[in-house]
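Novice: Listed below, chain by chain, are the residues.
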Amino acid sequence: MRTEPRTILNFLSNYFDIIKELFDVQLKDGLVRKEDLNAILAEHDSDILNKLIEYKFFKKIADDYEIRPMYFKFLEFILSEFKPLLPETIEKYEHSITSLFKKIKEGINKDRNILLQRISDLNNEVRDFTEAVEKNTLRLIAETKELKSNVDKIDYREKVRKASFWIDYYITPLNTILDVSHANSITNRLLDISQYINIRRLNFDDELARQQFEKLYTFLVQTNDDLLRQSKILTNELLPLIERIRSESMILTGWIEFLKNPNKSETPFIPKSLRAYPYNNAMYFNSLEYVQQYMQNDDVYLEDPNLSASDKWIFNKEFYREQLMKELPMPNFFEWAGITLRGEYEDIETEKFFSLSTLLFEDDIELEFDPTADRQVIRTTEMNLRVPKIKIKRHGLS
Amino acid sequence: MDFPRYHKEIVGDLLDGKFILATDAKFIELKNNADFYGKFFKETFEFYLDIKSDYAYLISEETMEMLSRDICIFIGLLCYELDKEGKNFLDEIQYAEFDSEMIDNLLDNSSYTDLIMNNNQLKNSEARKQFLGTLNRRNIIDRNSDKKFTFTPAYKVFMDFAKNFAKGKLATAGTEEDNE
Chain A
11 MRTEPRTILN FLSNYFDIIK ELFDVQLKDG LVRKEDLNAI LAEHDSDILN
61 KLIEYKFFKK IADDYEIRPM YFKFLEFILS EFKPLLPETI EKYEHSITSL
111 FKKIKEGINK DRNILLQRIS DLNNEVRDFT EAVEKNTLRL IAETKELKSN
161 VDKIDYREKV RKASFWIDYY ITPLNTILDV SHANSITNRL LDISQYINIR
211 RLNFDDELAR QQFEKLYTFL VQTNDDLLRQ SKILTNELLP LIERIRSESM
261 ILTGWIEFLK NPNKSETPFI PKSLRAYPYN NAMYFNSLEY VQQYMQNDDV
311 YLEDPNLSAS DKWIFNKEFY REQLMKELPM PNFFEWAGIT LRGEYEDIET
361 EKFFSLSTLL FEDDIELEFD PTADRQVIRT TEMNLRVPKI KIKRHGLS
Chain B
68 MDFPRYHKEI VGDLLDGKFI LATDAKFIEL KNNADFYGKF FKETFEFYLD
118 IKSDYAYLIS EETMEMLSRD ICIFIGLLCY ELDKEGKNFL DEIQYAEFDS
168 EMIDNLLDNS SYTDLIMNNN QLKNSEARKQ FLGTLNRRNI IDRNSDKKFT
218 FTPAYKVFMD FAKNFAKGKL ATAGTEEDNE
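First to last, the protein sequences are chains A and B.
Residue numbering for the first sequence is 11 to 408, as defined by this note's numbering.
Residue numbering for the second sequence is 68 to 247, as defined by this note's numbering.
Hints are supplied without guarantee of correctness; some may be wrong.
Think about it this way: if two alpha-carbon atoms lie no more than 25 Å apart in a straight line, the pair counts; the simulated SDA-like pairs of lysine to any residue are [to be verified]: (1) A:K270 with B:M184; (2) A:K158 with B:L173; (3) B:K230 with A:N326; (4) A:K172 with B:I160; (5) B:K234 with A:D178; (6) A:K172 with B:K230; (7) B:K223 with A:R256; (8) A:K155 with A:E141; (9) A:K158 with B:L199; (10) B:K151 with A:A152; (11) B:K230 with A:R171; (12) A:K155 with B:I160; (13) A:K270 with B:D137; (14) A:K270 with B:K154; (15) A:K362 with A:N326; (16) A:K274 with B:L199; (17) A:K274 with B:S177; (18) B:K154 with A:I177; (19) A:K270 with B:K119; (20) A:K155 with B:Y147; (21) B:K234 with A:L249; (22) B:K190 with A:S275; (23) B:K223 with A:S257; (24) B:K119 with A:L249; (25) B:K234 with A:A152; (26) B:K196 with A:L269; (27) B:K151 with A:R171; (28) B:K236 with A:R254.
Simulated from the structure, these hints should not be mistaken for lab results.
As the structure is a prediction and not an experimental result, all values here were calculated from the model.
All chains should be built: construct the whole structure from the sequences, respecting the hints.
Specialist: Here it is as structure tokens:
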């Protein structure tokens, strides 16, 4: 007995949660295994298997079940969840469309009914083709967005693997099929067909065939627009989106590698802040001051001093030693040295003062000084010397 | 000799290690005189001027420069931690507003504890605050308030670095495998 369509739709509506779960299982595994079916029915505490078979929802395959294609497609459509077709599967339409088109051209003046049937078949093939492309694009967008939002928090390596998979097996080949600039693309084939049909719809003798050509032409124009749109989605949205995932993962790989040993890696970047760069104000004034020293050059004349070897002062150690010995014991050696030099010369020259100081190292004298006592200052021509008070007496004698 | 407009500021900013952004009036002047400035920095300081579509900066051959390294570590850690949270770090860094508390939270809970604790710029909240100040002065981030900031397009330099680093590593790994 034939079931009322409304009853079937009510049944699908009432048990939609179970139906959806069965659909998901088949989408994933290609069929519904007996144990999966029992688990789902047990979970919902429901026994609708007989109804599913009665309404021809299920086809039994050995112990397992398969959702019949018309129900499956219907569910795919209302759920917008499509199993992606491999581009080579989509490409088969190219052969069927090309073959039908060839037969239309060859049989254009032959049997009218066959021609009408072929036009109708071509129409159906083109429609199936565009639907397949649209389903794939929708599925690819969903997959890509899921990858991008990463709700499941999948590992970045897995993300790259998935992105690469979608690009290599689906997006790029699909793009080739749709690429207008590609000579063998289906899109180009459809353009050729629409040009031919365009002429026929205007000049074909038979009116019914003309109407069919007109219908097919309108459909082809619309299809071309649709395919162009799908191609644009692929080129403008999907490829950049998925490329970004790839690029993002490449960057992350770089960071992870870098962070393993950041101090040993080269980072050839921005220069250090140069505090004394030639354009800061201080540098300008400093440079100006420096340069200005050389702005006015006074002539400087250098004359060789007229000194002969005999003019050079030579330390007569013996002479001063005798003088020192006469004065012993002496309360302050440096004072004596200062007075002695000043008695002979106008100023005390450092060199002469140091020469006289060497007398302190003579063997037959004894030195004595208080390190805590104040020091006295002797002014020489070049410097002020702070020296201690050193008492001197003959060695061994008081 | 006539110098381009903003010459002093352009040279000053770049030598201070700042990025000049496309939103800055100086950028157009720099771009219009790209040849002159390219030669100027090369001949005078041995620096390379890189002008991209939305920022310009000087590149030094001093590869052990510590601040660059610290910035790389900071951005690298940020990307890693954002990814760990399941976020698209590129989108986050390009569009999102960060605040210092969030940065503290990410770094304090990071698994790179040793790296962070041994880095004077990143070891604690106070150091990070100073560090963010430096990034702000160099136009790598843009402070929206005391605690909130966004990244400027200058972040791309560091992403390119990471990408090239990965390529280098992958190439090395490939060579090693070939040798085995």
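Novice: Evaluate each hint against the coordinates.
Specialist: Against the structure, the hints:
1. For the proposed pair K270 of chain A and M184 of chain B, the alpha carbon gap of about 15 Å is at most 25 Å, so the pair holds.
2. Our distance criterion of 25 Å between C-alpha atoms is met by K158 of chain A and L173 of chain B, whose separation comes to about 22 Å.
3. Between the alpha carbons of K230 of chain B and N326 of chain A the distance comes to roughly 82 Å, so the proposed pair goes past 25 Å and is violated.
4. Annotation: proposed proximity of K172 of chain A to I160 of chain B holds, straight-line Cα distance about 23 Å (limit 25 Å).
5. About 20 Å separates the Cα atoms of K234 of chain B and D178 of chain A, which keeps this hinted pair within 25 Å; it holds.
6. Proposed proximity of K172 of chain A and K230 of chain B is supported: the alpha carbons are some 20 Å apart, at most 25 Å.
7. Note on K223 of chain B and R256 of chain A: the hinted pairing holds, with a Cα-Cα distance of about 16 Å set against a maximum of 25 Å.
8. A C-alpha spacing of about 21 Å is found between K155 of chain A and E141 of chain A, which places the hinted pair at or below 25 Å, so the restraint holds.
9. Taking the CA atoms of K158 of chain A and L199 of chain B, the gap is about 29 Å. The hint is violated against a cut of 25 Å.
10. Distance check on the hinted pair: K151 of chain B and A152 of chain A sit about 23 Å apart at the alpha-carbon level, within 25 Å; holds.
11. A C-alpha spacing of about 17 Å is found between K230 of chain B and R171 of chain A, which places the hinted pair at or below 25 Å, so the restraint holds.
12. About 19 Å separates the Cα atoms of K155 of chain A and I160 of chain B, which keeps this hinted pair within 25 Å; it holds.
13. For the hint pairing K270 of chain A with D137 of chain B, the CA-to-CA distance comes to about 14 Å; that is within 25 Å, so the pair holds.
14. For a cut-off of 25 Å, the pair hint linking K270 of chain A to K154 of chain B stands: about 22 Å separates their Cα positions.
15. Proximity of K362 of chain A to N326 of chain A is assessed by CA-CA distance (about 10 Å); at most 25 Å being required, the pair is judged to hold.
16. A hinted pair counts as satisfied when its Cα atoms are at most 25 Å apart, and K274 of chain A with L199 of chain B qualifies at roughly 24 Å.
17. A distance of roughly 21 Å separates the Cα atoms of K274 of chain A and S177 of chain B; the hinted pair therefore holds under the 25 Å criterion.
18. With a CA separation close to 22 Å, the supplied pair K154 of chain B and I177 of chain A stays within the 25 Å bound.
19. For the given pair, K270 of chain A sits about 29 Å from K119 of chain B by alpha-carbon distance, which is inconsistent with the 25 Å threshold.
20. The straight-line distance between the Cα atoms of K155 of chain A and Y147 of chain B is roughly 21 Å, inside the 25 Å bound, and the hint therefore holds.
21. The suggested pairing of K234 of chain B with L249 of chain A holds, with an alpha-carbon distance near 21 Å, which does not exceed 25 Å.
22. With a CA separation close to 20 Å, the supplied pair K190 of chain B and S275 of chain A stays within the 25 Å bound.
23. With a C-alpha separation of about 12 Å, the suggested pair K223 of chain B and S257 of chain A falls inside the 25 Å cut-off, and the hint holds.
24. Under the criterion of a C-alpha separation no larger than 25 Å, the hint pairing K119 of chain B with L249 of chain A is consistent with the structure, at around 24 Å.
25. With a CA separation close to 30 Å, the supplied pair K234 of chain B and A152 of chain A exceeds the 25 Å bound.
26. A hinted pair counts as satisfied when its Cα atoms are at most 25 Å apart, and K196 of chain B with L269 of chain A qualifies at roughly 22 Å.
27. At most 25 Å may separate the alpha-carbon atoms for a hinted pair to count; K151 of chain B and R171 of chain A meet this at roughly 17 Å.
28. As the CA atoms of K236 of chain B and R254 of chain A are separated by approximately 20 Å, the hinted pair is consistent with the 25 Å bound.
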